[in-house]
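There are 2 protein chains.
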Amino acid sequence: MKPISFKIEKKISGQLGRAGHLDTPHGAIKTPAFVTVGTKATVKSLTPEQVRDLGAQVVLANTYHLYLQPGDKIIKDVGGIQKWMNWSGPTMTDSGGFQVFSLGAAYGKELGKLTKIPAELLLENSPDIDTEEKPKLATIDPNGVTFRSHIDGSAHYFTPEKSIEIQHNIGADIIFAFDECTSPIESIHYQGQSLDRTHRWAKQSLEYHKSKENSKTQALFGIVQGGRHENLRKESAGFIGSLDFDGFGIGGSFAKEDMKNAVKWVNEILPEEKPKHLLGIGEPEDLFYGVENGCDLFDCVAPTRNARNGGLYTKYGKVNILNSKYTNDFTPIDSECNCYTCKNYTRAYLAHLFRAKEMLAATLATIHNLHFIVGLVENIRQSIIDEKFNEFREKFFISYKN
Amino acid sequence: MKPISFKIEKKISGQLGRAGHLDTPHGAIKTPAFVTVGTKATVKSLTPEQVRDLGAQVVLANTYHLYLQPGDKIIKDVGGIQKWMNWSGPTMTDSGGFQVFSLGAAYGKELGKLTKIPAELLLENSPDIDTEEKPKLATIDPNGVTFRSHIDGSAHYFTPEKSIEIQHNIGADIIFAFDECTSPIESIHYQGQSLDRTHRWAKQSLEYHKSKENSKTQALFGIVQGGRHENLRKESAGFIGSLDFDGFGIGGSFAKEDMKNAVKWVNEILPEEKPKHLLGIGEPEDLFYGVENGCDLFDCVAPTRNARNGGLYTKYGKVNILNSKYTNDFTPIDSECNCYTCKNYTRAYLAHLFRAKEMLAATLATIHNLHFIVGLVENIRQSIIDEKFNEFREKFFISYKN
Numbered sequence: 004m005k006p007i008s009f010k011i012e013k014k015i016s017g018q019l020g021r022a023g024h025l026d027t028p029h030g031a032i033k034t035p036a037f038v039t040v041g042t043k044a045t046v047k048s049l050t051p052e053q054v055r056d057l058g059a060q061v062v063l064a065n066t067y068h069l070y071l072q073p074g075d076k077i078i079k080d081v082g083g084i085q086k087w088m089n090w091s092g093p094t095m096t097d098s099g100g101f102q103v104f105s106l107g108a109a110y111g112k113e114l115g116k117l118t119k120i121p122a123e124l125l126l127e128n129s130p131d132i133d134t135e136e137k138p139k140l141a142t143i144d145p146n147g148v149t150f151r152s153h154i155d156g157s158a159h160y161f162t163p164e165k166s167i168e169i170q171h172n173i174g175a176d177i178i179f180a181f182d183e184c185t186s187p188i189e190s191i192h193y194q195g196q197s198l199d200r201t202h203r204w205a206k207q208s209l210e211y212h213k214s215k216e217n218s219k220t221q222a223l224f225g226i227v228q229g230g231r232h233e234n235l236r237k238e239s240a241g242f243i244g245s246l247d248f249d250g251f252g253i254g255g256s257f258a259k260e261d262m263k264n265a266v267k268w269v270n271e272i273l274p275e276e277k278p279k280h281l282l283g284i285g286e287p288e289d290l291f292y293g294v295e296n297g298c299d300l301f302d303c304v305a306p307t308r309n310a311r312n313g314g315l316y317t318k319y320g321k322v323n324i325l326n327s328k329y330t331n332d333f334t335p336i337d338s339e340c341n342c343y344t345c346k347n348y349t350r351a352y353l354a355h356l357f358r359a360k361e362m363l364a365a366t367l368a369t370i371h372n373l374h375f376i377v378g379l380v381e382n383i384r385q386s387i388i389d390e391k392f393n394e395f396r397e398k399f400f401i402s403y404k405n
Numbered sequence: 004m005k006p007i008s009f010k011i012e013k014k015i016s017g018q019l020g021r022a023g024h025l026d027t028p029h030g031a032i033k034t035p036a037f038v039t040v041g042t043k044a045t046v047k048s049l050t051p052e053q054v055r056d057l058g059a060q061v062v063l064a065n066t067y068h069l070y071l072q073p074g075d076k077i078i079k080d081v082g083g084i085q086k087w088m089n090w091s092g093p094t095m096t097d098s099g100g101f102q103v104f105s106l107g108a109a110y111g112k113e114l115g116k117l118t119k120i121p122a123e124l125l126l127e128n129s130p131d132i133d134t135e136e137k138p139k140l141a142t143i144d145p146n147g148v149t150f151r152s153h154i155d156g157s158a159h160y161f162t163p164e165k166s167i168e169i170q171h172n173i174g175a176d177i178i179f180a181f182d183e184c185t186s187p188i189e190s191i192h193y194q195g196q197s198l199d200r201t202h203r204w205a206k207q208s209l210e211y212h213k214s215k216e217n218s219k220t221q222a223l224f225g226i227v228q229g230g231r232h233e234n235l236r237k238e239s240a241g242f243i244g245s246l247d248f249d250g251f252g253i254g255g256s257f258a259k260e261d262m263k264n265a266v267k268w269v270n271e272i273l274p275e276e277k278p279k280h281l282l283g284i285g286e287p288e289d290l291f292y293g294v295e296n297g298c299d300l301f302d303c304v305a306p307t308r309n310a311r312n313g314g315l316y317t318k319y320g321k322v323n324i325l326n327s328k329y330t331n332d333f334t335p336i337d338s339e340c341n342c343y344t345c346k347n348y349t350r351a352y353l354a355h356l357f358r359a360k361e362m363l364a365a366t367l368a369t370i371h372n373l374h375f376i377v378g379l380v381e382n383i384r385q386s387i388i389d390e391k392f393n394e395f396r397e398k399f400f401i402s403y404k405n
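Protein chains in written order, with this note's numbering: chain P, 4 to 405; chain Y, 4 to 405.
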């Protein structure tokens, strides 16, 4: 008996994209779906009821953060992440690999999941520029990663087995194999070495997982890496796809223009019948690309982080609520939006809350942005069911400008 | 037709205390009642639905803060404070007098509503110690107060008429006359001068209010001052009580032990049939003293401010959730409490949220603390109706330790 089951309901004609249904031990996820991020076992500024009411189906927490605070043992003792955070629906945890990247290769370089990177750094034989940078907080060896806590500077060591053990303790429905997320500006030589490591770690993660009872109630997704290189991406999809994972994550830190290619290369090779999660991606245009290229799940901190900074999604694009023209604008953020925030509050009031640095600003803005993004993916799903994906896509981008 | 009507339902035998029913244009308030503070037109970290669900009947916003940000005209334009903040129940605004005190006499001295003050400073003939302190942000003249905005340093001038005009624009159901809140360490000479000013301003506030249409829909409460001096307090109660106010506020910055006396002196003189609001007081022991000495309404930032700092009320007294013993305590804050927080979250999770500096910490803690204080006053009310006030009081303090 597998912990999850996935069924494709409808495909986009002539493309990789599909609408599906993913059953987990804590309920179903209709895919494609946007996974709400709750890094430290809370979706920032919202109660779980607010998360559910805005339409979210599933929450993803971060292994690295919860391991450091409060510690995975405490979450195990209370009965798992659902009980810990009072969220009764499906949950996921990542493997910690991306945080290791943030503390290591990306440290001090402002590299994120999607980054605008100068063309000269993206040449096939670009030098490894890491050597002259400031000291990293993480170092990688063949067996794992040593890193320092961002909270108290204490030293820790993650191996694939350790990452899975922590994720077993946290107890989410879907967990991820331990991987190395590389920077797009690393040399192809480094990318190849790293990929070998990620593949070895994937096998170790899977073996450790299968050896435990938790594999009956928690699904394990393998992660495809390979940077921006077609040969490496395809090699990774072939290798990871051949292993008995319950689903797959597509990882990486991307130059924006590379992301689409990477997703397509990979999903043409990965087993069609298993769910695919595009890790850390969530702006509207990227969601469309991801869906049409066969991704079923997406998570991203952008909607919640943008919300806390006053960047609000509308059908015309993002607006900055702190713009002075909203000071006495008594209309909602988006007049056609039916989220709690738009039904009850004006732009003027939101602008006031942001200026007054009131916490309710973050709450109302987060509800709106998550409702927008979760709802967008829900509408994309419906358009696939209705065989109108391309029309829906076209119509969306006539009004939405980035 | 008066904007509000007040009916005494039951008195505590042999004491000034009573349970009553206060009708306002936006619904009834069963008294005694704790008024939830929403300084900047938001109860910090809560949605209005969360405020209502925890049992709050009425919200008080601050005139000084709303005048500066977003400006009272904007609130008038949108249709008043209820519409502005999406709170459909009764509302109040204070007069700005206490904020002027905070910027003036109290500035840099850590004086609040209740302060522990060295005995030598409370002598009848204590010198006026103001002269040697750092520059104040507010200066008082016979006609009003000049103050500087805490936001941008801009200069502003409040008169009684200006305060009432602003409160008319904000549009709360119950508003307050402009007063000077004095420091308990001012000399009796200064207290007397100040009281004359407050009385003159009370008359001006009332005359201006009565000359406007708003007096049909907004009730005006006069404020009794007089510091810690029996003769001044009684003089003030006699004078303010003789004016045609809809109700009364009892103001002042108190040395804790003085507060009880002041309230009793005043309420023995003020017209019995009108509602009385003890301004800015809200710790459990003070609520009991206030009720038994004839106060019907209370507001205080303590429950919400304590909550944001991790100080949580229980029937045994306040606990600091950051105490290390709560790290893996899987019980609720108070096992007999039926608030949303106690029904759904453990002390361990709350401790985690506070340590992780997550906003949900403030939300959950605020819900609990307000539920505790609002519920306490509700239970005090019921004990009066049931003729069991003294037993209830005694029982409460057997377990509750400050």
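Watch out, some of these pointers could steer you wrong.
As the list makes no split between identical chains, a pair holds if one copy fits it or if it spans any two.
[As the list claims (entries may be wrong)] Here are the simulated lysine to any residue pairs, SDA-like style, with alpha carbons at most 20 Å apart: (1) K139 <-> N393; (2) K321 <-> E168; (3) K391 <-> V81; (4) K5 <-> R396; (5) K237 <-> K328; (6) K237 <-> S8; (7) K47 <-> N312; (8) K360 <-> N312; (9) K139 <-> K259; (10) K47 <-> R311; (11) K119 <-> G156; (12) K14 <-> K318; (13) K263 <-> T162; (14) K47 <-> M362; (15) K263 <-> Y292; (16) K206 <-> N405; (17) K360 <-> R311; (18) K318 <-> D75; (19) K404 <-> N393; (20) K328 <-> R203; (21) K277 <-> S218.
Calculated directly from the structure, the hints in this document are not laboratory data. This one's a predicted model, so the numbers in the text were calculated from it and none came from an experiment.
Right, here's what the structure says about each hint:
Taking identical chains as interchangeable, the C-alpha atoms of K139 and N393 are never at most 20 Å apart, the minima being 44 Å within one chain and 65 Å between chains. Neither within a single protomer nor between protomers do K321 and E168 lie at most 20 Å apart by alpha-carbon distance, with minima of 40 Å and 38 Å respectively. Within a single copy, K391 and V81 get their C-alpha atoms no closer than 45 Å, and across copies no closer than 41 Å, so neither meets the 20 Å cut-off. Neither within a single protomer nor between protomers do K5 and R396 lie at most 20 Å apart by alpha-carbon distance, with minima of 35 Å and 59 Å respectively.
For a Cα distance limit of 20 Å, the shortest separation of K237 from K328 qualifies neither inside one copy, at 49 Å, nor across copies, at 52 Å. Within a single copy, K237 and S8 get their C-alpha atoms no closer than 25 Å, and across copies no closer than 77 Å, so neither meets the 20 Å cut-off. Proximity of K47 and N312 under a CA criterion of 20 Å is satisfied in both settings, with 13 Å inside one chain copy and 18 Å between copies. For the homomeric pair K360 and N312, the shortest alpha-carbon distances inside one copy (11 Å) and between copies (17 Å) are both at most 20 Å.
Proximity of K139 and K259 under a CA criterion of 20 Å is satisfied in neither setting, with 24 Å inside one chain copy and 54 Å between copies. Within a single copy, K47 and R311 get their C-alpha atoms as close as 9 Å, and across copies as close as 16 Å, so both meet the 20 Å cut-off. Proximity of K119 to G156 under the C-alpha cut-off of 20 Å is found in neither arrangement, the shortest distances being 30 Å within a copy and 41 Å between copies. Taking CA atoms no more than 20 Å apart as the test, K14 paired with K318 passes in neither setting, with 26 Å inside one copy and 59 Å between copies.
With identical chains, the CA atoms of K263 and T162 are never at most 20 Å apart, being 30 Å at best within one copy and 64 Å at best between copies. In this assembly of identical chains, K47 and M362 lie within 20 Å of each other by CA distance both inside one copy and across copies; the values are 11 Å within and 6 Å between. When the C-alpha separation of K263 and Y292 is checked against a cutoff of 20 Å, the pair qualifies only within one copy, where the shortest distance is 6 Å, while the shortest distance between copies is 69 Å. In this homomeric assembly, K206 and N405 never come within 20 Å of each other (Cα to Cα): the closest approach is 40 Å inside a single copy and 58 Å across copies.
For a Cα distance limit of 20 Å, the shortest separation of K360 from R311 qualifies both inside one copy, at 10 Å, and across copies, at 14 Å. For the identical chains of this complex, K318 and D75 are neighbours neither inside a copy (40 Å) nor across copies (32 Å), given an alpha-carbon limit of 20 Å. When the C-alpha separation of K404 and N393 is checked against a cutoff of 20 Å, the pair qualifies only within one copy, where the shortest distance is 17 Å, while the shortest distance between copies is 67 Å. Taking the shortest alpha-carbon separations for K328 and R203, neither the intra-copy value of 55 Å nor the inter-copy value of 41 Å comes in at or below 20 Å.
Proximity of K277 to S218 under the C-alpha cut-off of 20 Å is restricted to the intra-copy arrangement: shortest distance 17 Å within a copy versus 69 Å between copies.
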